[in-house]
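Residue numbers (our numbering), protein chains in the order written: chain U, 1 to 285; chain W, 1 to 303; chain Y, 1 to 488.
Rather than coming from a laboratory, the hints here were simulated on the basis of the structure. Every value quoted in this text rests on a predicted model; they were computed, and no experiment measured them. It is possible that part of the hints are untrue.
In silico lysine-lysine, PhoX-like type, Cα no more than 25 Å apart, as pairs [what the hints assert, rightly or not]:
{"id": "1", "chain 1": "U", "residue 1": "K119", "chain 2": "Y", "residue 2": "K155"}
{"id": "2", "chain 1": "W", "residue 1": "K208", "chain 2": "U", "residue 2": "K277"}
{"id": "3", "chain 1": "Y", "residue 1": "K336", "chain 2": "W", "residue 2": "K288"}
{"id": "4", "chain 1": "W", "residue 1": "K226", "chain 2": "Y", "residue 2": "K322"}
{"id": "5", "chain 1": "Y", "residue 1": "K147", "chain 2": "U", "residue 2": "K119"}
{"id": "6", "chain 1": "U", "residue 1": "K277", "chain 2": "Y", "residue 2": "K457"}
{"id": "7", "chain 1": "Y", "residue 1": "K486", "chain 2": "U", "residue 2": "K235"}
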Amino acid sequence: MEILKTYKIYIGGSFPRTESGRYYPLKSSRGETIANLCLSSRKDVRNAVVAARKAFGTWSEKTAFNRGQILYRIAEILEGRKGQFFEELIKQGIGRKAAEKEVQASIDCLVYYAGWADKYVAVASSVNPVSSNHFNFSTLEPMGVVGIIAPQESSLLGLVSMLIPALCGGNTAIVLASENLPLCAVTFAEVLHASDVPGGVVNLLTGSIHETAPVLAAHMDVNALVSEDIGELGKSLSIACVDNLKRYIQYSSGITQGLQEIIELQEVKTTWHPIEKIGGATSTY
Amino acid sequence: MSIPRDFNLLLSNLSIDKVGVEERVARFQTRSIKNEAKHQGLKMVLNMIDLTTLEGKDTPGKVRQMCYKAHHLHDTHSGIPSVAAVCVYPTMVGIAKEALKNTSVKVASVSTAFPAGQSSMEVKLTDTRLAVDRGADEIDMVISRGKFLAGEYAFVFDEIAAIKEACGPARLKVILETGELSTLDNVRKASEIAILAGADFIKTSTGKIQPAATMQVTYTMLMAIKDHYDKTGLMVGMKPAGGISTSKLALHNLVMVKEILGSAWLSNEWFRFGASSLANDVLMQLLKLESGRYQSSDYFTID
Amino acid sequence: MAKKKESPQGTEWNYSPSPESTTHVKLEKRYALFINNEWVAPSSKAYFPTLNPANETVISEIAWANDKDVDKAVRAARKAYQEVWSKLSGAERGKYLFRIARMMQEKSRELAVIESMDCGKPIRESRDIDIPLACNHFFYYAGWADKLEYAFPTKNPKPLGVAGQIIPWNFPLLMAAWKIAPALAAGNTVVLKPAETTSLTALKLAEIIKESGLPPGVVNIVTGHGDTGAAIVNHPDIDKIAFTGSTNVGKIIQRSVAGTHKKTTLELGGKSANIIFDDAPIDQAVEGIVNGIFFNQGHVCCAGSRLFVQENVAEEVIRKLKHRMESLYVGDPLDKNTDIGAINSKEQLDTINRYIKIGIEEGAEIHQSQCAIPSQGFFCRPTLFIGVSQSHTIAQEEIFGPVLSIQTFRTVDEVIQKANNTPYGLAAGVWTDKGSRIFNLTTQLKAGVVWANTYNKFDPVSPFGGYKESGFGREGGLHGLGAYLKLS
Chain U
1 MEILKTYKIY IGGSFPRTES GRYYPLKSSR GETIANLCLS SRKDVRNAVV AARKAFGTWS
61 EKTAFNRGQI LYRIAEILEG RKGQFFEELI KQGIGRKAAE KEVQASIDCL VYYAGWADKY
121 VAVASSVNPV SSNHFNFSTL EPMGVVGIIA PQESSLLGLV SMLIPALCGG NTAIVLASEN
181 LPLCAVTFAE VLHASDVPGG VVNLLTGSIH ETAPVLAAHM DVNALVSEDI GELGKSLSIA
241 CVDNLKRYIQ YSSGITQGLQ EIIELQEVKT TWHPIEKIGG ATSTY
Chain W
1 MSIPRDFNLL LSNLSIDKVG VEERVARFQT RSIKNEAKHQ GLKMVLNMID LTTLEGKDTP
61 GKVRQMCYKA HHLHDTHSGI PSVAAVCVYP TMVGIAKEAL KNTSVKVASV STAFPAGQSS
121 MEVKLTDTRL AVDRGADEID MVISRGKFLA GEYAFVFDEI AAIKEACGPA RLKVILETGE
181 LSTLDNVRKA SEIAILAGAD FIKTSTGKIQ PAATMQVTYT MLMAIKDHYD KTGLMVGMKP
241 AGGISTSKLA LHNLVMVKEI LGSAWLSNEW FRFGASSLAN DVLMQLLKLE SGRYQSSDYF
301 TID
Chain Y
1 MAKKKESPQG TEWNYSPSPE STTHVKLEKR YALFINNEWV APSSKAYFPT LNPANETVIS
61 EIAWANDKDV DKAVRAARKA YQEVWSKLSG AERGKYLFRI ARMMQEKSRE LAVIESMDCG
121 KPIRESRDID IPLACNHFFY YAGWADKLEY AFPTKNPKPL GVAGQIIPWN FPLLMAAWKI
181 APALAAGNTV VLKPAETTSL TALKLAEIIK ESGLPPGVVN IVTGHGDTGA AIVNHPDIDK
241 IAFTGSTNVG KIIQRSVAGT HKKTTLELGG KSANIIFDDA PIDQAVEGIV NGIFFNQGHV
301 CCAGSRLFVQ ENVAEEVIRK LKHRMESLYV GDPLDKNTDI GAINSKEQLD TINRYIKIGI
361 EEGAEIHQSQ CAIPSQGFFC RPTLFIGVSQ SHTIAQEEIF GPVLSIQTFR TVDEVIQKAN
421 NTPYGLAAGV WTDKGSRIFN LTTQLKAGVV WANTYNKFDP VSPFGGYKES GFGREGGLHG
481 LGAYLKLS
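In isolation and in its complexed conformation, chain U is listed as follows (with noise of 0.2 Å):
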């Protein structure tokens, strides 16, 4: 008799179900049931968002290299784990050679990003000389707790290139994982759980994106959500943003992957000190 799964959500580091104890069921193409998956409620996006703020200071106080290491920590777990998500994505409806593809992407998609961690500040930040005497220097700091709208027609690949680069760059997430694709995003939950990605820093909820988006663009604690063209819902969530002019970042492609996918969740930030100078020419009469 073969164990059946229970797909559970993941709040800051432990795996709850949902507390409103509702649930949906998960058909395959044939009709039957895979999985009951919980249909996350309004209370679990603010518990997530929570987490999610809560475990901010943390993770956006590693050191890049240390965040770098544990992106590419993900990529082993995931890499041992391959075979859970070549499954789950067959049982969700395409192909053997579709799903190896899928999953060998979303593993080199982490390494891409792994290998970002401690560069992508040197290379969008800049000295500036001012006009006086002044060191002046830009750099980027992530903005925070991120809300993240996983692609709905790619289970895996999808949400992988969404919330990697925002974890790359220092910031929080609350996942809302693709309503019918949801297994591996679940599963790639527990990856994480098992790769030294600290509590909190990744909350996944699965259930109805009509009904927990609008809940997370309208929290005044997010700092920004991210999305694919998701039409007139995403119209709406932009307007909800507006109220702490969250930053909303909607991709016509659900999955890029690049430097830009890092900067588009960081604040650009700019230091002034003055320069003592000595002797040298300054002004006087």
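With the hints as your guide, set chains W and Y onto chain U.
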């Protein structure tokens, strides 16, 4: 006065940001002094000058000529004040005193192995007494910059206090020689030491070292005087010396005095300019203001 | 000959009036809209007066653009974008900007005088800060026009199209420069709306632009009130909205463009913390406090309006600050010795006075400088509130006037928490002699600009912009270019 082992405890150890001082000074320099304010200011400047000759080649003749100029700045024009004082070497004090008897012009003498101050306490005291005995109203001493930079603040303090004692009734101006102190933090610290040791005036420079009386340095010293006054209610005078040769710069110095210390310091009792060529520029500006014509140096005497 | 007697009492010495000459200033009685390098009467036929806030006299009349006028301007900008500007090489675009910068420099004194007349700011600031920075901003971005691929390597930077730009009344010409220069350098064309109380220098800039030979339609300036701004924001053929102003209006704009293709940058309000530690260079810190809150009558989005002083030096800092305030001259903006000019409008003065009343009612201790203020015009004395806590209204809301609220603190952690305890995140100041503490604070403070041992410094090369409700996007520097480019 007994000195604590850690002399730093007596000092404020206030840090100074030089760039901030430069910005503040630049703002004083944007003050526009026009018309009546300029007229009044220029006369004030003349009356605050310590007309100075401090050269190896100084002779009684030269000193007598300068002393005459000190109270006859421009006799063809009425309402011109005399300068505050003349400033000479100790050997010239007697000459100057004689030349200036029955005038309000004071005689100041440098002392303490001016300008380097590299001599023993004994020599410095003798030097000072020589000047005082010959009738100097004011003594302009130099601090031991070497000792200061070596961190021997108590030594510097003791030396000033001893000279002060030797001055008797003469008022003591303490020259910090800021051009050798390198940083404004040092200028501030030296100002505090001089004030605590009994200086009646603190003075920027000997005139022998560049840079001399920059506005940044004068500003820093004025702030030290202000803080001392706020703490104790006691006034200390200020004398920028060296490099102030134009009316505009002199007026901007007065702007600083007015805005930092207030009108109480706007008299030669509390503020002086140590300068040799400033007076004629001020006279030319003053006459330009009154006549509307730009002036020529041919019409203003050199002594 | 009379010898002046020494006066141990000192001397009263007061500065004589020193007004900047206005004889070389050329102003029209009435200004039309600037569209396609032509002066176009508004289709509304409506004009409104612009006042000198220092004496409440009408300086000129300004056209009030409606939807039709805005549409005309957007069409002109679109046509210029498609037919001329986007086809021009970066080097050629840059030459136009260099030329405009030079022509602004030539006319800088006239621009400064007009700015002070229309805006109320002291001539010392318009002459030494606003206008030179505006010129330099054009000069700076001129050089970027043919080097965009160096700013964004491998990103194939492309212009967005037509930019609608709405600017505030606190730095009229400077904000116009901040908006127009990077937009043009990046290859966009522009429809700009100045604030209704301060349109004049933007219109003088239009004259310069016309004189420079910039192709028609590349820059269009439409004057008017809020409805004119709304017409720009809602125009379907605009690709980018850049707004500087209040957080409230910024939110209205952001809601309006939700679901459209329009990109936005918003530079909004602030309630910035200026933090003084006990080891700070105190005298320079006091100067920084003064620059932080009294610069431009406190009409500065990044004003250091929340002062945090470490408790063991609070008495000294406040004493020195009060003394320093007494040497600030409030009065005629055109007098070269004026430090604090006129409040920009009656409405703004009313707002400031309302907050001062709230501060008193909430029990904070008020201190105002003793200086005389003119009986005519809109003026406000430099004002401190002592004994303020984070919970006071005056410590939370942006006053946009010369009103400082002072709080004390004990520890580093405490002050970081309190400094960040605001929905805003534009700027912050830190004063300490200790380098490692500076870097701790500059890292922890959630603000787009952090001034350490200085305050309210601006430079074209230095990106400016906020976190959180202070807006998003950066203006100035390399990062400011990104706001006007499509990156692949």
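Hints, verified against the model:
1. U:K119 to Y:K155: holds (17 Å)
2. W:K208 to U:K277: This hinted pair holds, its Cα atoms lying about 22 Å apart.
3. Y:K336 to W:K288: holds (22 Å)
4. W:K226 to Y:K322: holds (14 Å)
5. Y:K147 to U:K119: holds (23 Å)
6. U:K277 to Y:K457: holds (18 Å)
7. Y:K486 to U:K235: Holds. K486 of chain Y to K235 of chain U sits at ~21 Å (cutoff 25 Å).
Checked against the numbered hints above, the structure violates none of them.
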